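**Q** Going by our numbering, the residue at position 212 of the sequence shown is 210; the numbering climbs one at a time, nothing skipped.
Straight-line C-alpha distance at most 25 Å; calculated DMTMM-like pairs for lysine to aspartate or glutamate:
id: 1; residue 1: Lys124; residue 2: Asp100
id: 2; residue 1: Lys128; residue 2: Asp59
id: 3; residue 1: Lys124; residue 2: Glu157
id: 4; residue 1: Lys124; residue 2: Glu57
id: 5; residue 1: Lys197; residue 2: Glu172
id: 6; residue 1: Lys96; residue 2: Glu157
id: 7; residue 1: Lys60; residue 2: Glu137
id: 8; residue 1: Lys60; residue 2: Asp79
id: 9; residue 1: Lys128; residue 2: Glu62
id: 10; residue 1: Lys60; residue 2: Asp48
id: 11; residue 1: Lys96; residue 2: Asp79
id: 12; residue 1: Lys197; residue 2: Asp185
id: 13; residue 1: Lys124; residue 2: Asp103
id: 14; residue 1: Lys96; residue 2: Asp149
id: 15; residue 1: Lys156; residue 2: Glu137
id: 16; residue 1: Lys96; residue 2: Asp155
id: 17; residue 1: Lys60; residue 2: Asp136
Just so you know, the hints here were simulated from the structure itself, not pulled from any lab data.
These numbers were taken from a predicted model, which means no experiment stands behind them.
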Amino acid sequence: ASTFDDWASISRNLFNPDGSMSPGSALYFVSFLIIVSFTLLPVVIAVLLDNFTTATRREKDKNEREKLEKEKAEGTTSSIDPLLQTFMNVRSDDEMRKRCSDLFDRLDVDRSGALSWQELCEGLRKMNFKPRINFSQDEYNTITLQHTLCDADGELDKEAFENVLRIQMLSFAERSLANSLPAVMRDDQHFAYVMFGLKLAVEDVLTRKLGKGEGKNQDEGKVADVSKTEDESKVTMMEYLASVSRQNEAILKR
-1 ASTFDDWASI
9 SRNLFNPDGS
19 MSPGSALYFV
29 SFLIIVSFTL
39 LPVVIAVLLD
49 NFTTATRREK
59 DKNEREKLEK
69 EKAEGTTSSI
79 DPLLQTFMNV
89 RSDDEMRKRC
99 SDLFDRLDVD
109 RSGALSWQEL
119 CEGLRKMNFK
129 PRINFSQDEY
139 NTITLQHTLC
149 DADGELDKEA
159 FENVLRIQML
169 SFAERSLANS
179 LPAVMRDDQH
189 FAYVMFGLKL
199 AVEDVLTRKL
209 GKGEGKNQDE
219 GKVADVSKTE
229 DESKVTMMEY
239 LASVSRQNEA
249 ILKR
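With these hints in hand, go ahead and build the complete structure from the sequences.
**A** See the structure below:
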């Protein structure tokens, strides 16, 4: 009766032989339909659907975490990649510097002028990134080169934070190119050569910037200014692209 399935056969038994129905039976039957069919049944269905969607979401989040952990273990991704993706549309060095400064101010909740791992971890987790950023202590140690880019308290000031982001942008570009190469190689071999040249150029620039950052930090106790090598980076990339272009021309002539 609560689902209105063959309820007429049940209601016939409530009628008297002369076709009348007692007030008590009618009240019970009507109240049962109203309370169960229109009140309790929708609540039960809503609870079941909520539990189902919650379980599905938890399973999806679990699979995403396992996938990210596997990719991080393989070195093909980083937990801060969603943050780095937001810098892909930066058009100039001034815009990059401003966005890094705004992000630093947003994360520096205690206004100390320096960011600790706890501030980075909690601040990035609260931002609406998909997937959510779970920034570990090990990753903090990695991006700060085992705290060689930090101050005496193991924290990042605004300049060091900007330089760390610039280095991580290069690392993100190198990983993205490496991850895309197999698929591009299947579709367009010549374009894959160009991407491979870019990957080598980014790797070279990243290696030199990391080396300069560590060297200056050891000699002077300061963080290297990554932006000083931008002209050298452009020259390096142009050299690689020119080399790849000559290789492609030689291949096409064969």
